[in-house]
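Hey, can you work out the whole structure from these sequences and the hints?
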Amino acid sequence: MSGAATWSLEESDYQRISAHLNDLLKVSNARCALLVDRAGQLLVNVGEQMSFDATAFASLTAADFSANDQLAKMIGEPEFASLLHQGEKESMYLADIARRVILVVLFDERTTVGMVRLRVRQTVRDLVAIFDEMFRREAPGAAPSTERRGLLEGAEDEIDKLFGD
Amino acid sequence: MSMINYASREINCKLVYYGPGLGGKTTNLEHVYKKVAPDTRGKMVSLATETERTLFFDFLPVDLGTIRGFKTRFHLYTVPGQVYYNASRKLILKGVDGVVFVADSQLDRNEANIESMQNLYDNMAEYGYDLTKIPFVVQYNKRDLPNAAPIAELQSQLNPGWPVEEAVRKKVTPDPWHEGEFLIEEVDSMWLERAPYFESVAITGDGVFDTLRALAKTVLKLLS
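Chains A and B, in that order, give the protein sequences.
As numbered in the working numbering, residues -3 to 161 make up the first sequence, in order.
As numbered in the working numbering, residues 3 to 226 make up the second sequence, in order.
Please keep in mind that the hints were generated in silico from the structure rather than gathered at the bench.
Any given hint could turn out to be false.
Output of the computed footprint for chain B on chain A, the stretches with three or more beta carbons under 8 Å from beta carbons of chain B [to be verified]:
# : segment
1 : 29 to 37
2 : 43 to 54
3 : 61 to 72
4 : 148 to 154
Keeping only pairs whose Cα atoms sit at most 27 Å apart, straight-line, the calculated DSS-like set for lysine-lysine is [said to hold, decoys possible]:
#  : chain 1 : residue 1 : chain 2 : residue 2
5  : B       : Lys96     : B       : Lys135
6  : B       : Lys219    : B       : Lys36
7  : A       : Lys157    : B       : Lys73
8  : B       : Lys45     : B       : Lys96
9  : B       : Lys172    : B       : Lys135
10 : B       : Lys223    : B       : Lys37
11 : B       : Lys223    : B       : Lys96
12 : B       : Lys219    : A       : Lys157
13 : B       : Lys92     : B       : Lys219
14 : B       : Lys135    : A       : Lys157
15 : B       : Lys92     : A       : Lys69
16 : B       : Lys223    : B       : Lys92
17 : B       : Lys36     : B       : Lys73
18 : B       : Lys135    : B       : Lys219
19 : B       : Lys173    : A       : Lys157
20 : A       : Lys157    : B       : Lys223
21 : A       : Lys157    : B       : Lys96
22 : B       : Lys96     : A       : Lys69
23 : A       : Lys157    : B       : Lys36
24 : B       : Lys45     : A       : Lys85
What the simulated footprint calls covered on chain B by chain A, stretch by stretch (three residues with Cβ under 8 Å from a Cβ of chain A suffice, anywhere in the stretch; the number is not a length) [to be verified]:
#  : segment
25 : 52 to 63
26 : 72 to 82
Note that the structure is a prediction, hence the values are computed from the model and not measured.
Even for Gly, the Cβ is constructed at its ideal location relative to N, Cα and C.
Dropping the structure here:
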């Protein structure tokens, strides 16, 4: 491998993932759920619109999870598959999805940590299946989707123009 | 790891500013933050110590325009330059699409530059990334200082070139930013490739956007 691979989130992936996250919010009574990739990019954001900057939040989430991964290794654990940050009113629960993506659930006193943890388990299983399939699609040798194949093909001129060359 | 998000119609890429401590990485981001239109950038996040030394990273998302109806969103990160913070520095390289090495041109920072460049190669290798195969540019910062080393000296120390293996790439390639210089050329019957380089004074903004645009463009071209 020479560099980090490119991958895509297609409209149909987005719909399927959002449906699972909305189900999770319904059964757990949490406020909102976000999916962030390990490089810090926000993929999906469902539920209540929060007042914070979601992009900055996503980059900090990935850093938080990576730092904790290293702490886990230092104490002899292969990973911390989930993390809990508990505040007086607002709390967040983070869970690993297929070692590629992080699920973040924000909740308050309308629910409990136990309920969130319990409901997240099923969502993690569902999302792992979806992401495994998505990353298989992006694996070397797999044919890219027509949509993706066409996106930047022949866009060199447009890229030159964008940078004023 | 560039990510094409068809749902939000965005192409997301991660660029990392690497280099020795106090070399000007954060200053590069601060200049970009100041100069781009507020509606094309997000919030700048800095995880720094009380003395404003980067502890974990700085982060700034910027939109550089639209291609084929997709917003090109670049997530700019800096790493902590101090040797002490290697564990957190390495984490920031995860999923990187392009790297800027910000060298401190001052003569007495020569050793720190070399050590940091070596550290970059090592940390990239630990993720299985090959620095010679991903978009990579070198920025020589602090060119305004009286004790700045000559560019030729910095180039020979930090960007001496790596051997070109594929036959198809063994062709003389002029450096578009420096007349009479080459990115790929044959030296002593050996084909060598160097990373593009830029001179800068990050504190005044000179060279900051030239560096960013060159790297961002290379990253996008790889996707096309």
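Hint-by-hint comparison with the structure:
1. 29 to 37: With 5 residues in contact (Cβ-Cβ under 8 Å with chain B), the coverage given for the segment 29 to 37 of chain A holds.
2. 43 to 54: holds (count 3)
3. 61 to 72: holds (count 3)
4. 148 to 154: holds (count 6)
5. B:Lys96 - B:Lys135: 16 Å, holds
6. B:Lys219 - B:Lys36: 21 Å, holds
7. A:Lys157 - B:Lys73: 15 Å, holds
8. B:Lys45 - B:Lys96: 21 Å, holds
9. B:Lys172 - B:Lys135: With Cα atoms ~15 Å apart, B:Lys172 and B:Lys135 stay inside 27 Å; holds.
10. B:Lys223 - B:Lys37: With Cα atoms ~25 Å apart, B:Lys223 and B:Lys37 stay inside 27 Å; holds.
11. B:Lys223 - B:Lys96: 21 Å, holds
12. B:Lys219 - A:Lys157: OK: B:Lys219 and A:Lys157 at ~10 Å, within 27 Å.
13. B:Lys92 - B:Lys219: 24 Å, holds
14. B:Lys135 - A:Lys157: 25 Å, holds
15. B:Lys92 - A:Lys69: 15 Å, holds
16. B:Lys223 - B:Lys92: Distance ~26 Å between B:Lys223 and B:Lys92 Cα, so the pair holds.
17. B:Lys36 - B:Lys73: 21 Å, holds
18. B:Lys135 - B:Lys219: Judged against 27 Å, a Cα distance of about 15 Å means the pair holds.
19. B:Lys173 - A:Lys157: Cα-Cα ~26 Å, so holds.
20. A:Lys157 - B:Lys223: Holds: A:Lys157 and B:Lys223 sit about 12 Å apart, inside 27 Å.
21. A:Lys157 - B:Lys96: Violated, at roughly 30 Å.
22. B:Lys96 - A:Lys69: 17 Å, holds
23. A:Lys157 - B:Lys36: 24 Å, holds
24. B:Lys45 - A:Lys85: This hinted pair holds, its Cα atoms lying about 25 Å apart.
25. 52 to 63: Answer holds; 4 residues pass the 8 Å Cβ test.
26. 72 to 82: holds (count 4)
Consistency note: the structure conflicts with earlier hint 21 alone.
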